[in-house]
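Turn these sequences into a full structure, and let the hints steer you where they fit.
In case you want the letters, here they are:
2 protein chains.
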Amino acid sequence: MPIETIVELAARLKRKEVSPLELTRACLDRIEKLSPTLNAFITISADSALAEAGVAETEIARGEWRGPLHGIPIALKDIIDTAGTRTTAGSALFEHRVPTEDAEVVRRLRQAGAVILGKNNLHEFAYGGSSLVSFFGDVRNPRDEGHIAGGSSGGSAAAVAAGLCYAAIGTDTAGSIREPAALCGCVGIKPTYGRVSARGVIPLSWSLDHVGPLAATVSDAAIVLQAIAGYDPLDPGSADVPVTDYASALLDGVKNLRVGVPRKHFYDDLNEEVRVVVEQALVVIGKLVADVREVHIEAPADRTVQAAESFAYHAENVARKPELYQPETLRRIRSGENISTAQYIHRRRELDLERRKAQDFFADVDLLVTPTMPMPAPAIADLKKDSAALRPAELALLRNTRPFNVWGLPAISVPCGFTKSGLPIGLQIAGAHWREDLVFRLAQAYELAKL
Amino acid sequence: MPIETIVELAARLKRKEVSPLELTRACLDRIEKLSPTLNAFITISADSALAEAGVAETEIARGEWRGPLHGIPIALKDIIDTAGTRTTAGSALFEHRVPTEDAEVVRRLRQAGAVILGKNNLHEFAYGGSSLVSFFGDVRNPRDEGHIAGGSSGGSAAAVAAGLCYAAIGTDTAGSIREPAALCGCVGIKPTYGRVSARGVIPLSWSLDHVGPLAATVSDAAIVLQAIAGYDPLDPGSADVPVTDYASALLDGVKNLRVGVPRKHFYDDLNEEVRVVVEQALVVIGKLVADVREVHIEAPADRTVQAAESFAYHAENVARKPELYQPETLRRIRSGENISTAQYIHRRRELDLERRKAQDFFADVDLLVTPTMPMPAPAIADLKKDSAALRPAELALLRNTRPFNVWGLPAISVPCGFTKSGLPIGLQIAGAHWREDLVFRLAQAYELAKL
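Chains as they are written, first to last, in the numbering used here: chain A, 1 to 451; chain B, 1001 to 1451.
If you're looking for bench data, these hints aren't it; they were derived computationally from the structure. Bear in mind the structure is a predicted one, so any value in this text is a computation, not a measurement. Where a beta carbon is used, it is the ideal one built from N, C-alpha and C, also for glycine. No false leads were mixed into what you were given.
Reference listing, derived: stretches of chain A covered by chain B, where coverage requires no fewer than 3 residues with Cβ under 8 Å from a Cβ of chain B: (1) 225-239; (2) 298-311; (3) 352-365.
Computed cross-link-like contacts, EDC-like style, restricted to lysine to aspartate or glutamate with a CA-CA straight-line distance of at most 20 Å: (4) A:Lys357 x B:Asp1240; (5) B:Lys1357 x A:Asp240; (6) A:Lys357 x B:Asp1232; (7) B:Lys1384 x B:Glu1328; (8) B:Lys1357 x A:Asp232; (9) A:Lys33 x A:Glu145; (10) A:Lys384 x A:Asp138; (11) A:Lys450 x A:Asp252; (12) A:Lys33 x A:Glu22; (13) A:Lys357 x A:Asp302; (14) B:Lys1033 x B:Glu1145; (15) B:Lys1033 x B:Asp1144.
Rendered as C-alpha cells:
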C-alpha cells in the first residue's frame, strides 16, 4: 500500500512540503523493484511521467495548485487510450497500437494535474475475472504472489495494493474493478452507468462498461472519481446528470442510513472464511447505521447484450486475424457470434427496464451490502491445471458484481478482512443511481470503524 | 372539421350546457354518413362509446368534472391496443386480434374522461406515407376524395378533418402524424421522443416511434397531449421528465422567440404552390417573433435502425405467415432482414449521438420552421398506376418529417393554406427536446395571425 494517502499528500503538495518529482521517482523506483514479479504494468512511462511531475512542480511552486490530484502519480488500465503511448488491451492484436488521442478520462486527469506513470496489465480485452489471458503474462497478487490479482483490472489493483501508484483507473463490465480490488485488498468503485465517460476506452460491452478508480482508501477513490466524473456529450452512454461533491458528502454521517442485505443469491454458497468476515462486517455496520434489514432482490442472469456487443466490436478482427487472440478470449468473443439482431434488440430493451426497476430496490433502504466475491483469490497453479474446469468458477466469481453492471448501480468494494492465510476479502456496498455519495459515506464509515 | 373545438366544448360540458351523449351520437351519425366514403375507421365502437358518454354525463352531472377531455369523443389509430376491442394494425395478420389490455395512452385518455369512438384506418403496420397498403382499403382525403389522406395515421387525420371526432391519437415513426395532418388540413404533433408512452402500441421501430394527437386546432392538440404525456416506467423509451402545463404556456406571447429557417434540404425542390404558401407563412411569422434567420442543419439519411427494429418485430410472422402481409409491406419489412447485430449496435449508438447533437440546433434559435411536406396530397389514381415508381416519391414525401424522428425533437404540422385546387398545405414547427410548449406557442400564434 502507498505509505501515504492522496488526501494526506494533497495537503502537503499544496504547501510545497512534498515534491511531485520525488513522489514520481519513488513510484518509478517501486515499480522497477516490484513490477517484474507482480507484472502489474505493460508500459512504464518513466520519461513522460517525470516531465509531467516537473510541470506540476513548477505550477504548484507558482501557486497554481489545481486540486487534490495535482502532482499525484497514478496508473491507467491499458485499455484506456493515451495519445502517443501504446494501448494494448492486453492483446497481441494491439501490441503496437498507439492512439493519437487521449481518452476523455485521461484528458480530465491531466486537467486535474495527475501524473501518468504508465499502463497496467489486464486480461485480454478486459475479458474475465479469473482466467489468465493477458498476452503480457499473468498479474500476481501482491498479498501472495502464488495467487491471481483478479481481473480484468488486475494490474491496476496490484499496482495500488503494492504501493506502485496512488490510484489507478480501471474498467468494470461484470466486476473488473471490484473483483481485483477485493482480491488484492484495495478500494475500487464502479460508478453509476453513464457517470464517467467511456470515450476512448476500448469497449467490452457498451451497455455494461463502466470506468472507475481503484485506490488505497475510500476518500482517495472519491477524489479520483470527482476528477473523472461528468457528462461527455460525445459518449452515447454518458449521462447529463450533475456530479455531487463527494468530499463534502463524506463529512456527513451514516447514522440515518438504512442498509439492505440481499441474502438470497449474494450470500449463497460463500467460502467459509469470506462468510465469517462479511458477517462480522455486517455487525460493525449495524452499529453505525439506523437499520440493517434483509431484502429480496432477483439477480439477472442473461448475458446476451454483453456477448452481442462484444462480438460487434471484435467481428472484423476475429474474422481476419483470429490467431492474434488468446484461445480463451476468442472462445468468449465467439459466444456472441450467433445472436440475431432481433434477439439483441429485445434484450437491450429489457436491460433498460431492468436498470430502471433497480431504482425500486431503494424504496426502503439507502444501500445494499454484499460480499464482493464469494471466495478469496484462487491460486494460479490451480487455474493452470485445468482452465476449462475453471469456467464455472469464473461465473461464480463474478456472480455478486455482474448484477450491478446490468442495473447500472454504483458499487464499491472496500477491504473487510483477510483469510487465515492472509488473502484479502472485500465488502461490496451499492447504492441507487447517482448516489455514489452515499456509497462513499458508508464505505468510509465502515473503513474507519473496522480499524 | 368539428363545428366546435374541444376548448369551446369543454367549458360548455362543464357547465352542463352540452351533453356527452349528444356529442357522441352526433359523431357516430357523421361517421355513419361519411366513413363509407372516407374509410377512416376500421372499427366503430358505437355501443361502448355511448356507454362511456353516459358515464361521463352522469359524472359531470354529479359535479365530478375530470377536465377538458371529459365527455369528448375521440378516435384511436388502430395500432393502439384497446382491451376487448380488436386492434388490427391495418393488417390481415391481426384481423381478429383482440388485446386484453389498454395501451398506456388509452388508459390515460379514459382517466381523463374521453369517449373512445373507435379505431382509425391506417397503412398496414404503420408503414409509409403514400403507398396504399391497408388490408381495410384506402383512406380518402376529406378535402378531395380522389386524393390520399396521407399516412400512416391517415384515418385519424381524415376523421379529425371531416369532423368525425374531436381529436385522434396517431403514431409517427417518420412523419405518420404530421404528413396526414398536413395533407388533410388539421393539426398534428409528434412530441419529443419519450414524452408519451408507446407501451401497448404495436411498434414500427422502438427507437423512432412517437405517439401524439391530431386535432382541429393547436390548443385542442395541446389539451390532448397534456392528458397522454408523462413518464411510464414500463416503457423503456419513456422518459422521466416533468410535463409542462401547455395551456398556461399558450398564454405567453411569441414576441421574444427566435425562429430558424433551415433552407437547405427542407426547402429544396418544393412544389411551387407549397413554396409560395410557406413563404407567405414565413412573412406572417416574421411579424410575430423577434427574429427569423436562416440556419444550416444536416438531415440524417440512414435508415438502418428503423429497418432492423421493424424486422425484429415481424421476423417470426414474416417467416410463418408471409401471405397475410400486403406485398409492399412485406418488401419493406424484409429490407431489414440482413442487417447484422453489429451494424445495428453501431447505428443505434450513432442515433443516440445524433439525437443529442440536435440540441445544438437551438443554440441561437428557439424553433425551426419548414414545410411539413414538399408537395400536396397525391391523387390516388396516380399512385395506383405504378406503385414501384412511387417509391422515390414516398421517400421525398417524408424527407422533411423523418429527420425529427431521428433527432427526437417535438414537431407540429399546422395548416398554412391550400393549393388552387383546394388541397391543404402544412407548416412544420419544431423545437428543442421537451419544448412542446414553445412549439405550441408559435403554432397557435401563427394559426390565429393567418386568420
